[in-house]
Amino acid sequence: MIPSPTDIDQWFKDQTVLLTGGTGTLGGCLLYKLAIQLPTKRVFVLCRGSIHQAMTKLENSMPEQTDDILESGRVTFVVGDLTKANAGLKESDLHQVQDQVTVVINAAGNVSLLQDLRESVGENTVPHLALVRLCGTFQRIQRFLHVSSAYVNSFLPGGAVEERVYDIYGDAVDSAQNLKSILNTGKSPFTSSFAVPYNHAKYIAERLLLDASPPFPLLIIRPSNIGPAIRDPSPFYGLHMVIPLHSYVQFVLCNSTQRREELEAELPLENIIDEIPVDLVANTCLLHLAMGTTGMVHSAAKLYQPRCVGDIKRDCLNHTSPELIDDLRRSEISNHPEFLTHFTDMFTKFCRDWKFECTRSDSLREVQGPLTLSLEGHDAAAFLAVRIERVARRLLDTVKRAQASGHSLG
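Numbering-wise (full-length UniProt numbering), the sequence shown opens with residue 1 and increments by one.
Simulated from the structure, these hints should not be mistaken for lab results. Hints may be right or wrong, so weigh each one.
[Said to hold, decoys possible] Here are the computed lysine-lysine pairs in the DSS-like style, where the Cα-Cα straight-line distance is at most 25 Å:
1. 400 to 349
2. 313 to 302
3. 400 to 355
[Unchecked claim] Label-pair ranges, simulated between beta-carbon atoms:
4. 166 to 368: 41 to 47 Å
5. 323 to 382: 20 to 26 Å
6. 268 to 56: 25 to 31 Å
7. 59 to 260: 35 to 41 Å
8. 186 to 398: 19 to 25 Å
9. 137 to 70: 18 to 24 Å
C-beta atoms are modelled at their ideal positions from N, C-alpha and C, and glycine is treated no differently.
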């Protein structure tokens, strides 16, 4: 049965949410929807550092919406740290969330692709297991949503990737043993099979969360690469993100035909750059929460507009003026050998021939209202054209600022 906007509102009206990662790109979008678009009873936002720092991050990422969020009267910021006991909450805040929270949305994490395995496990595995244990003390908890990554399955060779667990360990070891070994040695024989250590850390977290069998329903959302918003909190929210598509735009616009052909020899032009707008990820999260979905759910390009490498290359060259391309290529912004090596390595790892299935959301495409997954009225091609131009002009502005300060980007 497809829920109506009224059904969804009625469910959220009774919910008190604990949101982690609420100042990140996805977390900020979730916060906007919970505080402004939905009649959520209350939202506790766990912020690391200080409330002032959290406010500053929100004001920088969505300056036109932050006041509305704060004035909604439903948002409470609590200082904490998931790496510490009781999430680093002071006693009074801990008692509040234990007594009131009905839903936990765990969108926290460090998405750095440069961390080593031990560091990534320390931020993307261990704290989330501790949070689930802490939630076992919440008196009213009904549901727990954990944001993972579609690339937990980056050890798969390609083809269709379903919304389920794929086992990499076999009979060799279990997830708990693997985690213990990583914490002791910083190494695992399985890590080289993943695109980056971050993906392995998220994989371990998924497996151990499921093994924990918490006394409340567990939903795991696996986004692919998260792109700028198409609608909420505003179009192009999140444009600043360092993501594969933006890196490829930079590569195409700033490098010669010869360099592009060298990459294309390694990466077939028909491979998908799998990406989904951040507001569609947020809507996927909140819809499945309201529906009571459990287990794995993908939020990937099949819910938006799958684009292959060749299409992006063509659009970059078609939607950027020759003069702007000339300016960027003269700047040599992407010619540094370390950049080229890192870019090629990351791009070939993240743009393989995976097709992330999103069948568990098929029935929700007809939902209307602020959580819609419908693309009605949205021109994906025109949106991408504007986005490419903005990325290109931002690159040129970066070059000009560097030149004005006497620094080289080559």
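These are the hints, each one checked on the structure:
no. : hint                   : verdict
1   : 400 to 349             : violated, 31 Å
2   : 313 to 302             : holds, 20 Å
3   : 400 to 355             : violated, 39 Å
4   : 166 to 368: 41 to 47 Å : violated, 34 Å
5   : 323 to 382: 20 to 26 Å : holds, 22 Å
6   : 268 to 56: 25 to 31 Å  : violated, 43 Å
7   : 59 to 260: 35 to 41 Å  : holds, 39 Å
8   : 186 to 398: 19 to 25 Å : violated, 35 Å
9   : 137 to 70: 18 to 24 Å  : violated, 29 Å
Checked against the numbered hints above, the structure breaks hints 1, 3, 4, 6, 8 and 9 and satisfies the rest.
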